[in-house]
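Enquirer: Single-letter residue listing:
Number of protein chains: 2
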Amino acid sequence: MTPPRKRTSSSTSSKKPLSRSELAGLDAWFRAANYLAVGQIYLLDNPLLKRDLVADDIKPRLLGHWGTTPGLNLVYAHLNRLIRQRDVNAIFLAGPGHGGPAAVANAYLEGTYSEVYPRISEDAEGLQALFRQFSFPGGIPSHVAPETPGSIHEGGELGYVLSHAYGAAMDNPDLVVAAVVGDGEFETGPLATSWHANKFIDPTVDGAVLPILHLNGYKIANPTVPARIPREELTKLLEGYGHEVITVEGDDPADVHQQMAAALDRAHDSITAIQDAARSGKKRRGSADADRPRWPMILLVTPKGWTGPKTVDGVQVEGTWRAHQVPLAETRTNEDHRVQLQRWMESYDPAALFGEDGRLVADVKALAPAGDRRMSANPHANGGLLRKPLRIRDFREYAIEVKTPGGSVNEATRVFGSMVADIVRDNPTSFRLFGPDETESNRLGAVYEATDKVFAGKILPVDEHLERHGRVMEMLSEHTCQGWLEGYLLTGRHGLFSCYEAFIHIVDSMFNQHAKWLNTTRELEWRPPLASLNYLLTSHVWRQDHNGFTHQDPGFIDIVLNKKPEIVRAYFPPDTNTLLSTMAHCLQSEHYVNVVVAGKQPQFDWLDADQAADHCARGVGIWEWASNDDGDPDVVIASAGDIPTLEALAAVSLLRKHLPDLKIRYINVVDLMRLQDEKEHPHGLAGRDFDTLFTRDKPIIFAYHGYPWVIHRLTYRRTNHDNLHVRGYKEEGTTTTPFDMVMMNDLDRYHLVIDVIDRVPSLGSRAAQLRQDMMDARRRAKEWTRTYGEDAPEVSGWTWDGSADGEGSPSATSTSETSADFG
Amino acid sequence: MTPPRKRTSSSTSSKKPLSRSELAGLDAWFRAANYLAVGQIYLLDNPLLKRDLVADDIKPRLLGHWGTTPGLNLVYAHLNRLIRQRDVNAIFLAGPGHGGPAAVANAYLEGTYSEVYPRISEDAEGLQALFRQFSFPGGIPSHVAPETPGSIHEGGELGYVLSHAYGAAMDNPDLVVAAVVGDGEFETGPLATSWHANKFIDPTVDGAVLPILHLNGYKIANPTVPARIPREELTKLLEGYGHEVITVEGDDPADVHQQMAAALDRAHDSITAIQDAARSGKKRRGSADADRPRWPMILLVTPKGWTGPKTVDGVQVEGTWRAHQVPLAETRTNEDHRVQLQRWMESYDPAALFGEDGRLVADVKALAPAGDRRMSANPHANGGLLRKPLRIRDFREYAIEVKTPGGSVNEATRVFGSMVADIVRDNPTSFRLFGPDETESNRLGAVYEATDKVFAGKILPVDEHLERHGRVMEMLSEHTCQGWLEGYLLTGRHGLFSCYEAFIHIVDSMFNQHAKWLNTTRELEWRPPLASLNYLLTSHVWRQDHNGFTHQDPGFIDIVLNKKPEIVRAYFPPDTNTLLSTMAHCLQSEHYVNVVVAGKQPQFDWLDADQAADHCARGVGIWEWASNDDGDPDVVIASAGDIPTLEALAAVSLLRKHLPDLKIRYINVVDLMRLQDEKEHPHGLAGRDFDTLFTRDKPIIFAYHGYPWVIHRLTYRRTNHDNLHVRGYKEEGTTTTPFDMVMMNDLDRYHLVIDVIDRVPSLGSRAAQLRQDMMDARRRAKEWTRTYGEDAPEVSGWTWDGSADGEGSPSATSTSETSADFG
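Taken in order, these protein sequences are the chains called R and X.
Read in order, the letters of the first sequence are residues 1 to 823 in full-length UniProt numbering.
Read in order, the letters of the second sequence are residues 1 to 823 in full-length UniProt numbering.
Check before you lean on any hint, since a few could be wrong.
Because identical chains cannot be distinguished in the list, a pair is counted as satisfied if it fits within a single copy or across any two copies.
[Stated by the list, open to error] Simulated pairs of lysine to any residue, SDA-like, Cα-Cα distance not exceeding 20 Å: (1) K663 x D56; (2) K199 x T235; (3) K663 x V760; (4) K679 x D87.
It should be emphasised that the hints constitute simulated quantities derived from the structure, not laboratory data.
All values reported here derive from a predicted model rather than from experimental measurement.
Produce the complete structure using the sequences and hints provided.
Expert: Here it is in structure tokens:
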């Protein structure tokens, strides 16, 4: 790192707001937190250094990250001062979450840690237990993990601290979310764009995020980019992101304390001024000319590993990347290191901080805010405490009338949009809809009857549904949408992410991290459950024929299934009413990740409201009206997904018309997890029930929305697995028509008929002729498409006619669209 | 969008570099490209508008994106002027790649399109075919797809244009990579941080990237963020990213042409000046004080859908989001729309652009650069043409001596580092190593004996291996690393991405897109193969015990397996020599994505160089020295992955010691694809061969590195699948010790022994006792770990002793480490 400069133009350092005793108190807290952090990284015993350190006092494996820790401690100590002096309601997010020792140390100093974990008591024994448990088998993780009171952000994977912070601030008008951004994390893509989240905050109803960019200069083995560009360039960048930049810089704690106190005062003054102006009746709502606030942020420049060993074995450590993890690595075996460790810890003067009994001395203890104002005890950082059930009406209020299966056509997501509108109305401060510029494209536009999209930038007369305040959050960053939603859920609210199916892979890794968070917190009784993270994946693989190959990927489900069964759910509602029923269920559920895949294009209605409710409750079931098996089928045809269901039912009708003696059972799967063994997933069907449905020995032709092996993976232990034949997406795609897409992947009705004929023995010559007809039909459909650029009328005009005599004539329910329908 | 301002301070608009005829020529090209774009979106017939448009002239499905297209055409036309006037070697990357009509139109105007696709000839018939094929079944995609000559960037998924561009520019000192950034794409995370890629370019050996931020103001249904912040704020942001900003703004083509010509002249002057200064002998190499260049960029502000319909049905379209796709959506059925389309196309004056025969008129045609200087024909945009084989020495030069299996210990990646160093030496301008700050952590540090890390920011004396020039690219952005590597490969070079296993999920979606590119280009004969995209995933799930749960995810393989078998390969070398052999193979391979998973921690050597070469060539094989089955096993124990192999062999030795009559076959799998059926993957073993190895009826206990169902997915059609029992990662993890990690997931040696006992019938009382002993051993190991914080000596000290009598005594080959070994 460039050697710290003492003063910069935007620094507040000329002010010295701290009295001598305030300064002493802050520094005591800072030292205590540093001491506890070092103790956690190193010590098994001798927590108060009552004797010289010996080898057995030291952990055999030294794990943890010192480098970022003192910076986090500094920020925490000063936020506490602000909280106490101004009664601020604040939470703390550590972007460099690997600095876990800091978060644990401060929660312990505040007393919260011992309240949550009584074993870690506020005495010498508790201190020793605190040290020992850190990054120790059976103990706690080295990061700011779910186990850490006050944490909603682990920071194990970098990049999401600002989006989490902004999600937490939404609809919490009194909350200040302090978010430390590491200068390594600063280089990640998701973090880089999440600075722009400040254009989606409404100071009248939202709280404030206070970003604190901590420039300690180094990553694991490299300097950081923002530390090695001219400071003026960095300031331009941060101002370009829309912030007022307040700089704190130095390596002398006393000086930095004064600067930091002044910086936080100034930042909080700015926040208050922005909010007061916005809330003072001078409504900015709809005012296109109102100035967007320039929210304050702090640029904090201190050395990496500050106050730690300056050099080790003759090499500089403090202020370099070498301070990233454990500065003294051989403390157990190398006596010089051990002596240096002891001197380092003694430099914090523990005797002045902790009494003989190991208790924090009273005047330092008094610096902690009271009760829930402690950031480690703030209920906003334990959202399950605050969460209220989502208010949601019976989905039947929005259900469409279905007189006969396949007798009408609807756009499922468009109908669902009305339900979202009412959810918005009924939960005006605790539900938001997130998506990357796709709400309208995904046909959820009815939500705009109830609310608007939030935007704090300039609004022009040409804009539609764009306002300072609203419930719809759209930014062309799946990362930011996901981070917002996670932050919103983690602080006890509800939400929905609607996204193109292919591009949800952009947040695979964020999903992984959130699922791990949910998995861990399931075991923590003091963290009540959160609302589920709900995905509505529409514009899915089978209707990305117009956007082509790059937009076709149904593999997010595969990622989801890798996580613990207790956490993940996947649904494939085949029509409008089943989508409504499924979403109503998911939105009210707790502590899951629900993935719902449903198309936005016009499609047949199969089930009325009651049938949909019943079918979704069961998750999988025989559709009797489509079956003619009388309890003893020759073949089972199953499907999961709206397009696979269309093709499967069309295949059923072809077979019933042309091979009327063939006994077909049609099974629809809404809840994919029903396929799994009951021992493997809580939703799994019992083996006997599965066998009753899918038979023990009859061929099963399964038309699946995604990659076909998912179905094998879920069912490989089932009795009849050897007879299961799955059709799905096999990476065949281009820009073409909807039916050509399914044909390219052999998921089309004609091929499904061929699959049945090939797998049911001795169907005779009529079947052989039908097989030939199907091959001809495929060829004709392909030729039509190549000639006319749209699906053949016998495909797009097909209807299920109830008497199951197969191919209807082209009807008014054609699903062909003009381009205006495509997103 | 804010109404365009005619002048800004940074505008070059006071200069009018174009003569009247130059201006006329540029505008003619611009109009011709626009005309061809509109024709592609709309027309089936009547390409020259020789009669009034009728319904049948119009495509039944109107697909494509008009909004961004005129901006791309403007940039392309002007780049051509620059290329001709200054003989610039340039390629063109369209971030808004959905503007495919523009790229196709310009390639057609340049003649390249007809050269590559003779059917699309330069006459009326060819014009009609050009129009018809666009976004038409059997035709071409609507994006700037692999099918488009001159493209290395599809832009179907947004965010990667700058990282691709910088990758293309590396080691191409004469190349100018013009990269249009859409203002929607601007909001994505990967794009937001990729601006910082300008700090990793060395003007002495690299070419230049010219970013052109195209502010047309709107996304699908929203304004863009950069268009709705004050222009001064945006300029600060771009200058904060380190650029000199040249603004071009307007909606009058004649004016914009003058501005754009001046802007490109100025930008190219700046690029030349930077490069000349750097290359003029005044070496900046190692000079910490040298100023980092401020590379130029262009901010281009023109209306969305510029020159298209201003209003449609009384609603504004040009300059709004409504111009995003097809401005006149009902052209086939609505005569008003059709008339408006005709007027729109006629506004480009096609009769002045194309002759009676449909050929481009000579003086417009003359504006195209010659031969390979045409951006659509530039070989850099068809990297397979330029690619030379990687120079790589026999891996045996780096192989370690292995006298007896398990008799020595090495860190596989550390040894591989020496091989990378020589690859760097032998391919000084065509190989780079990419990674997010992890090269040292992943123990590839030997590469620094041959080269350095590239950094153009400030370099301080404390920095190590950091230089202006080098072969190692480190930025804490997996997105940028991946994008760089893709750009580097797509332009004909070689590379390797080394990454923590868990966080490679960050680029799942980028992998998907690259795999789709490789898949499509396999079918395009005019695009010769590229070098494979190679991942070395180390710091893997089983050795992230110290970093904990968030760092444990082996699911990237699952994502990879979803892509076409012709494209993807996955390898799990179990020791040092097999890693060397595998990497040598992968680095020389063509047109695959190779995923290699290998640990960086000390681990036993099993195979000497010749054995490794043989084993890797076969991909899967029996290790005779570990087996005692004499061709007729009672049980098969198999493994894939270094830690699973360690545990599997430890289990084998326990079984052989305690149940010496049990006949065990041990199989090691390096090439995961060998498990798949030969009909499903080119590497797949024939059924008979698989049965010979794995038997048709004996229990198989398979210890696998990742999620266990991957093995089931690959083998579910194998004869003996019902007897296959897989152990792998099941999302059980925390911060603990290495052996506790494998125990948590039941992958440990003791549990594998239990698995064997439970599955081999009638082993008798001795087995029952052994089973109990194994349960006791697990309990003891757990207790030891919880007590001492490290693995028990009987675990960490275990060695394979050759006579297979099981548990050796603790030896000097302990794999316990101090924290300095962890990354």
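Enquirer: Checking against the hints above, which ones are violated?
Expert: The structure breaks hints 1 and 4; every other hint is satisfied.
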